[in-house]
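Novice: Sequence:
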Amino acid sequence: MAATREDWSRPLWVHGPGRVASVRSAWWGSDPKSPQLILKKTNPNASERGPFANRNSHHHHHHHHRHRLLLLLPDPPGRRRRRRRPPRPAAARSLPRRPTLDSVEKIVEDFAMDLAINPFSSGTRLRDMIRAIRACKTAAEERAVVRRECAAIRAAISEGDQDYRHRNMAKLMFIHMLGYPTHFGQMECLKLIAAAGFPEKRIGYLGLMLLLDERQEVLMLVTNSLKQDLNHSNQFIVGLALCALGNICSAEMARDLSPEVERLLQSREPNTKKKAALCSIRIVRKVPDLAENFMGSAVSLLKEKHHGVLISAVQLCAELCKASKEALEYLRKNCLDGLVRILRDVSNSSYAPEYDIAGITDPFLHIRVLKLMRILGQGDADCSEFVNDILAQVATKTESNKNAGNAILYECVETIMGIEATSGLRVLAINILGRFLSNRDNNIRYVALNMLMKAMEVDTQAVQRHRATILECVKDADVSIRKRALELVYLLVNDANAKSLTKELVDYLEVSDQDFKDDLTAKICSIVEKFSQDKLWYLDQMFKVLSLAGNYVKDDVWHALIVLISNASELQGYSVRSLYKALLACGEQESLVRVAVWCIGEYGEMLVNNVGMLDIEEPITVTESDAVDAVEVSLKRYSADVTTRAMCLVSLLKLSSRFPPTSERIKEIVAQNKGNTVLELQQRSIEFNSIIQRHQSIKSSLLERMPVIDEASYLAKRAASTQATISSDKLAAAATPGSSLKLPNGVAKPPPAPLADLLDLSSDDAPATTSAPTTAPNDFLQDLLGIGLTDTSTAGGAPSASTDILMDLLSIGSSPVQNGPPTVSNFSLPGQAETKVAPVTPQVVDLLDDENTAYPPITAFQSAALKITFNFKKQSGKPQETTIHASFTNLTSNTFTDFIFQAAVPKFIQLRLDPASSNTLPASGNDSVTQSLSVTNNQHGQKPLAMRIRITYKVNGEDRLEQGQINNFPAGL
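Its first residue numbered 1, the sequence shown is counted upward by one per residue in full-length UniProt numbering.
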C-alpha cells in the first residue's frame, strides 16, 4: 500500500527499552540524501499518539522523557515545473519513491536496536542512573540496575572511553556509597588525577578519597601526581592535592611529601595554609618522628589573622604536643604568648558578621585555643600561672544565655580543672558549673554533673557548696541526670553530712520511679554501711529502705543486716518489734519479709514480752498468736518466692518451741505444705512436722537461738568477694595487655593473664585447698541464709570438705598483687591490711637436676607485722612431692592471737596442711609458730609451684587480715 501525504504527516510510535519513540516524516529541499533518523525528546504528555502507541505506558514515571525519531526522506516529485530538481542519488533510487508504512516501521525498529536506547549506557547522565535506582521497589531490582550499570562502566573502561570517564567515576562513587564493590574503577581515579584540567582532577581526587584508603597498594602510583599538583601554580589544584593527602596519607606518602607540605605552610594564600596545616596533622599522626619539622611553622601560623588558618594552626600545635615531648616543651616556651593574644583578641573583638554566632565572635576558635592551653598547662605551674588571667577574663566576660557561650564556659572550666590553676580560679570554675545545674537545658546540666565529679578530685569543699542543687538534680525528670547526680551525691557523702544526705535520699526513695529505685537503693545501703556512726541509726535507715524498696535490696545487704542484729544483743528486741510493725505495713517487700520472719523466729519472745525496750519506742501489745499470724500471712502470700517460704517454715518451727500453746496450730500450717510441688518446701514441711510431733525431747535444744555470727569474719569474706568482683570487672574491661588498672583502693594491678596461665584458673575445676582446724559455723544457718560464713575443715588437717567456700574466701579469682607497703582497702575492716608479695620470675627448671638437691630457704611473705619463711625438703624417688616447713615470725610488739594460716593452689597441685604448732604468735620475734605443708606437683617440670596465702589473727581483740601470692619458689619444685 502506497503512503499518502497524510500518512507521512502522522507520527509513528515505536517502543524502545524503557522509552517510547515517535517517528515523523520530513521532506528535504534541494540536497537529497539517503533517509536519516533523528532522535529528539518529546513531551510525555503530548496528545499525539499513533497506532503503535503503548496504551499501558502510564506506569512510566512522568519525569522520564520520551524520544522522537524523525525519518528524513528525499523530496518526493513535486508539481512545480519552474524548478528543476537535481537527479536522485543512487542510494535514494534504491528506495521506493513513495515508501510504505511497513518499510518505515522496519527502518525505525532497526535504528532503535542499533542506537541501543538504554538508560544504563555510559553516555547516560548520573541523574538518570540515580533515578533508576531510586525507582526500584525491591533489593533485587536495585542489584539488577547496579549490575547493568557496572557492566556498562566496565565496557567503557575497557574501550578507553575518555569522554565519559568523569561521569563514570561519579556513578562509581554513588554505587560505592550504596555498598557495592567498585574496585575495578580505582585506576580511573589515577587517570583523572593525571589529567590537566581542574574538573577532571576534582572528580579524580574525590573518587580517590572515597574509593581508596591508605592500605591500598594503588596509592603508590598516585604519589608522583600528588607531588606535581602540590607544586602546581593553581592554588585550587594545590588545595585538591592537600585535601586528598590529608585524608588518605600513609606513612610512606607522609615521608615522601612532607617537604612539599612544609613549604606550603609558608604560602601567601590563607586557604592553602589552612589545608596544609590540616594535612600536617595527618602526617604527624602517621609519622611522629616528623613532628620536629613542623614546630617552627606551627608557631608562625599563630600570628595569622585569618581564623581558618588560626584554628588549623592551633589543632596542629595540639597534635604536635601529643606526638613529641620535645615539641611540647618547645610550644610551652614559644606559643603561649600567641595563644593569649588570640584569645584576648577574639574575646574583645567587635561585631564581625562572618564569625559571629549568637553574639560571640568565633566560639570554635575560643574552644580550640582553650583546649591547647589545657594541654600546655597540664603539670606545668609556670604555664598555668601565665594563662590564669586570660582564663579568668573568659570565665567572667562570656555570656551564658546562649549555647555558644555555654560551650566556651564549659571548655574554660575544663581547662581550669586540667591545669595547675589557683584555688580562687577553681572556685570560680565550680561556681560556673553550679550555675549550669540551674539551666533548663538537660545537656548542660548533665555535662555540669560530669565535670563536678571530676572536680571532686581537686576541690571537694567547693563542690560541697552546691550540694543542695545537686540533690535537686537527683529528683530530675531526666533519668540520665538522675543517675549522674546520684553518683555525685554518693561522692559528696562524708561523716559530717552522711545523716542529712541519707535522709534526703530516703525521703526521695518513697516517691521515686520504679526504674530508679534499684540504683537509689544500692547507693543508700552503701552510704549507710560505710558511714554508720552507731548501730541504732544503721538499723533505722535499713528498716526504712526495706520498707520502701525491699524488692530492690541485694542479698548481701540483708545478710549483713541479720549478722549485725545477731551481734547487737541490746538492740535485738528493738529490731524485732520494728520489723514486726514494718511487716504488717509493707508485707509485699521481699527482703523485708525475710529479715522480719528470721527475727521473729529467733527473738519471738522478745516481741511478745517487750524485752529490751528503748526510750524512743512506743509500747506495743503483740500476742503469741499475732506473731504466728504475721508469719503465716507471709508464708501464704501469693507473690512470695521459694526462699521466703522456706524461711517462714523455719520461723514457724522455732515459734513452736518458743510458744508451746501455738504448737498445734503451727503443726497444721506446716502440714499444709506436705503436698507442695516444690521439693524443698515439701521436704521441709514433712521434716518439721515430724520434729513437732515425735521429737519433743530434742526440739528445745534443736531450736535454740542461732549462735552469734562472727561479724568480722563475715565482713572480711564479703569485702574479699566484693573486691574480687570489682577486680574481675575491671580486668575484663582492660583493652590492652600492658595497661594497668586503678582499683578503688588506689593499688595499680596488672592484667591477670600471666597468673591466670600460671594457676590455670580459667578451668572450671576449683583448686584443691586445705586449711588449719577452725571452728565450724552452724550449717543450718548457712542453709537458711544461703551464705558461707567461714571455711569448714576437719580436725587434724584433713582436706576441707568445702573447697568452694575457701576459694571464695581466698578470692582466687582476683588478680595477683604486687609488692608494696600494706594498703587498706575501702572494702575492708578497720585495721585490715592487704600486703602484696613480690613475684619472682621463675627460673628455667633443670629437668636433669638431682632429686636430693638441697633447696635454699625463701622469705615467702613479709609485711610490716609478719614474716613467713619456707624451708623445703624432698624425698628420694618422688620429685613431684615437696614438704614445706613454714615458720611465722611476729615483727610487732603486740601478741597475735587466734592465728590461722590458709593456702590455695592451682588444680594441678595437691596441698595438705598440718596443724600449726600454736595459734598464738609471741611479740617481737621472741618465738615463732611452725606449720608443715605437703605439696604434690602433678606437672613437675612443666609448671612451677604457685600459692596464694591468707593469714588472719587478732591484735588486742581487733581482727587483722593479710594475704598475698607466692611465686618465688626455687626452680625444680
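It is worth saying that the hints were derived from the structure and are not from the lab.
A hint or two may mislead.
Said to hold, decoys possible - Heads up, simulated DSS-like pairs for lysine-lysine below, C-alpha to C-alpha not over 27 Å straight-line:
| id | residue 1 | residue 2 |
| --- | --- | --- |
| 1 | 454 | 475 |
| 2 | 878 | 954 |
| 3 | 544 | 530 |
| 4 | 503 | 475 |
| 5 | 867 | 954 |
| 6 | 535 | 523 |
| 7 | 483 | 554 |
| 8 | 554 | 475 |
| 9 | 475 | 499 |
| 10 | 503 | 581 |
| 11 | 322 | 333 |
| 12 | 943 | 878 |
| 13 | 554 | 544 |
| 14 | 954 | 873 |
| 15 | 503 | 517 |
| 16 | 554 | 523 |
| 17 | 907 | 954 |
| 18 | 581 | 523 |
| 19 | 191 | 137 |
| 20 | 322 | 305 |
| 21 | 554 | 636 |
As the list claims (entries may be wrong) - The following label-pair restraints were derived from C-beta to C-beta distances:
| id | residue 1 | residue 2 | range |
| --- | --- | --- | --- |
| 22 | 356 | 334 | 28 to 36 Å |
| 23 | 887 | 540 | 47 to 55 Å |
| 24 | 393 | 439 | 16 to 24 Å |
| 25 | 518 | 220 | 55 to 63 Å |
| 26 | 220 | 353 | 25 to 33 Å |
| 27 | 216 | 159 | 36 to 44 Å |
Glycine included, C-beta positions come from ideal geometry on N, C-alpha and C.
Novice: It remains to establish, for every hint, whether it holds in the given structure.
Specialist: How the hints compare with the structure:
1. 454 x 475: holds, 21 Å
2. 878 x 954: It is violated: about 39 Å lies between the C-alpha atoms, which goes past 27 Å.
3. 544 x 530: holds, 17 Å
4. 503 x 475: Between residue 503 and residue 475 the Cα gap is close to 14 Å, so the pair holds against 27 Å.
5. 867 x 954: Judged against 27 Å, a Cα distance of about 16 Å means the pair holds.
6. 535 x 523: holds, 19 Å
7. 483 x 554: holds, 18 Å
8. 554 x 475: holds, 23 Å
9. 475 x 499: holds, 19 Å
10. 503 x 581: holds, 20 Å
11. 322 x 333: holds, 16 Å
12. 943 x 878: Satisfied, since the Cα-Cα distance of roughly 16 Å is no more than 27 Å.
13. 554 x 544: Answer holds: residue 554 to residue 544 is near 15 Å, not above 27 Å.
14. 954 x 873: violated, 31 Å
15. 503 x 517: Since the Cα atoms of residue 503 and residue 517 sit roughly 15 Å apart, the hinted pair holds (cutoff 27 Å).
16. 554 x 523: holds, 11 Å
17. 907 x 954: violated, 31 Å
18. 581 x 523: Given pair residue 581, residue 523 holds - Cα atoms ~25 Å apart, limit 27 Å.
19. 191 x 137: Violated - the C-alpha atoms of residue 137 and residue 191 are around 36 Å apart, more than 27 Å.
20. 322 x 305: Holds, at roughly 25 Å.
21. 554 x 636: Satisfied, since the Cα-Cα distance of roughly 23 Å is no more than 27 Å.
22. 356 x 334: 28 to 36 Å: With Cβ atoms ~31 Å apart, the hint holds.
23. 887 x 540: 47 to 55 Å: Hint holds: Cβ distance 49 Å, inside 47 to 55 Å.
24. 393 x 439: 16 to 24 Å: Between residue 393 and residue 439, where Cβ atoms are some 22 Å apart, the hint holds.
25. 518 x 220: 55 to 63 Å: 58 Å Cβ-Cβ, so the 55 to 63 Å window holds.
26. 220 x 353: 25 to 33 Å: violated, 47 Å
27. 216 x 159: 36 to 44 Å: violated, 25 Å
Of the numbered hints listed earlier, those contradicted by the structure are 2, 14, 17, 19, 26, 27.
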